[in-house]
Amino acid sequence: MYGGKIEVIPKAPITRFDDFAIWYTPGVAEPCRRIHKAGDDASFDYTWRWNTVAVVSDGTRVLGLGSIGPAAGLPVMEGKCLLFKYLGGVDCVPIVINERDPDKIIYIVKALESSFGGINLEDIESPKCFYILEKLQETLNIPVWHDDQQGTALVTIAGLLNALKIVDKKINQVKIVLFGAGAANICIYRYLKVIGADPKKIITIDSKGVIHRDRDDIEVMKKENPWKYSIAMESNAENVKTIEDSFKGADVVIAASKPGPGVIKKEWIKLMNKDPIVFAEANPIPEIWPWEAKEAGARIVATGRSDFPNQINNSLGFPAIFRGAFTVRARKMSDEMFVAAAYAVAKYTEETGIHEERIIGAMDEMELYVREAVAVAEKAMELGYARRHLSRSELESEIRELIEKPKKYMKLLVENNFIKLYPEYRDLKA
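In terms of the UniProt record's numbering, the sequence shown has 152 at position 152, counting the first letter as 1, and numbering is strictly consecutive.
One or more hints might be untrue.
Stated by the list, open to error - Subject to a maximum C-alpha distance of 27 Å in a straight line, what follows is the list of computed DSS-like cross-link-like pairs (lysine-lysine):
1. Lys347 x Lys332
2. Lys208 x Lys265
3. Lys169 x Lys294
4. Lys223 x Lys248
5. Lys222 x Lys104
6. Lys332 x Lys128
7. Lys222 x Lys274
8. Lys411 x Lys11
9. Lys270 x Lys248
10. Lys222 x Lys266
11. Lys222 x Lys241
12. Lys223 x Lys169
13. Lys266 x Lys175
14. Lys5 x Lys294
15. Lys241 x Lys208
16. Lys265 x Lys223
17. Lys135 x Lys241
18. Lys200 x Lys104
19. Lys169 x Lys265
Because the hints were derived from the structure by calculation, they are not lab data. Just so it is clear, the structure is predicted and the values come from calculations on it, not from any experiment.
Can you build the whole structure from these sequences, using the hints too?
Structure follows, in structure tokens:
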């Protein structure tokens, strides 16, 4: 066993014990004085803050495991940090909180602000995740991101943009069914509007059925989940009330609900419009198997799995969006930065060749991350959120170097046996 997936190693050189007098006391007093004199933003120049994100979770909605608590969720947060570093060159610290009260979580995260350049919220149950994200975005002077919402939405939107190109349909004209009304789809609904979808043509389905204005629980929804309530009020213009009628004539279904198979029926896909697009994103088993969706008439199918075409993988989003934000030391993560990232992912994929089984790039395409990060950084500078301003060529050079570095480190560490290969991998290589 490795005893965890990440560790902290020095980046300042130590060749003799006298070096500690430079890096720690008395030498460390000088950067402290400079930060104190110049203000907190100077900490981005003198500490790890410029490139370090905190992955924060209360362990209440961990992957497909549910509410398993902070300690049991820590391996997932470590894994997230590994992806941040390897794919985006972003340093990362997992922080699991033994606290479920949303206001107390907000208080704790706010108290951590001076240590980090950004916050990635992770595996926090709905609907409190919406409240926590909104409050932290309002109050912190660093980017705050909830990957279960925004990461899933970013990659879904990028894939959808290309899928619509293939079937020659326009975002403002299509009828969309959102199957599931948790963190991912409520966020996807919001960003669909941002990119031009007509909310009147969007129908959302939760565990109790279609969300419409005449539901028996509408007043409870208004009080307990105002985000879902707003969907009920502004979408589903025809006030459709059955799942079958929701699918009838739909161009797109985006499912982020519960693992299947059989959660979405083939009969419902058959009710959709010509050339339907089906995103079945539940893991480990999608709401409908891709071949079943195809048999029912789906033109394009995407899932959350790497063993099927068109994987909707959050890892295409969060490493690069933080890389771009951190490179210019952004003060926030805005909707405009999100949209820039989604369009950059879609454009890169289109330029490298899209078809029915490739609507989005893959994790091993480093250039995708560079393009996405540059787009985010440029948008942050354009909007006035950046503490640091660089030309496009400077951005590309610096971002590419930071993204490449962890891969070079890993290669050296493995080749020199500082990191040992796990037994199964050694057997495969042999």
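Outcome of the hint check:
| no. | hint | verdict |
| --- | --- | --- |
| 1 | Lys347 x Lys332 | holds (24 Å) |
| 2 | Lys208 x Lys265 | holds (17 Å) |
| 3 | Lys169 x Lys294 | holds (19 Å) |
| 4 | Lys223 x Lys248 | violated (31 Å) |
| 5 | Lys222 x Lys104 | holds (23 Å) |
| 6 | Lys332 x Lys128 | holds (21 Å) |
| 7 | Lys222 x Lys274 | violated (36 Å) |
| 8 | Lys411 x Lys11 | holds (17 Å) |
| 9 | Lys270 x Lys248 | holds (8 Å) |
| 10 | Lys222 x Lys266 | violated (33 Å) |
| 11 | Lys222 x Lys241 | holds (18 Å) |
| 12 | Lys223 x Lys169 | violated (37 Å) |
| 13 | Lys266 x Lys175 | holds (18 Å) |
| 14 | Lys5 x Lys294 | violated (39 Å) |
| 15 | Lys241 x Lys208 | holds (11 Å) |
| 16 | Lys265 x Lys223 | violated (32 Å) |
| 17 | Lys135 x Lys241 | violated (33 Å) |
| 18 | Lys200 x Lys104 | violated (37 Å) |
| 19 | Lys169 x Lys265 | holds (24 Å) |
Checked against the numbered hints given earlier, this structure breaks hints 4, 7, 10, 12, 14, 16, 17 and 18; the rest are met.
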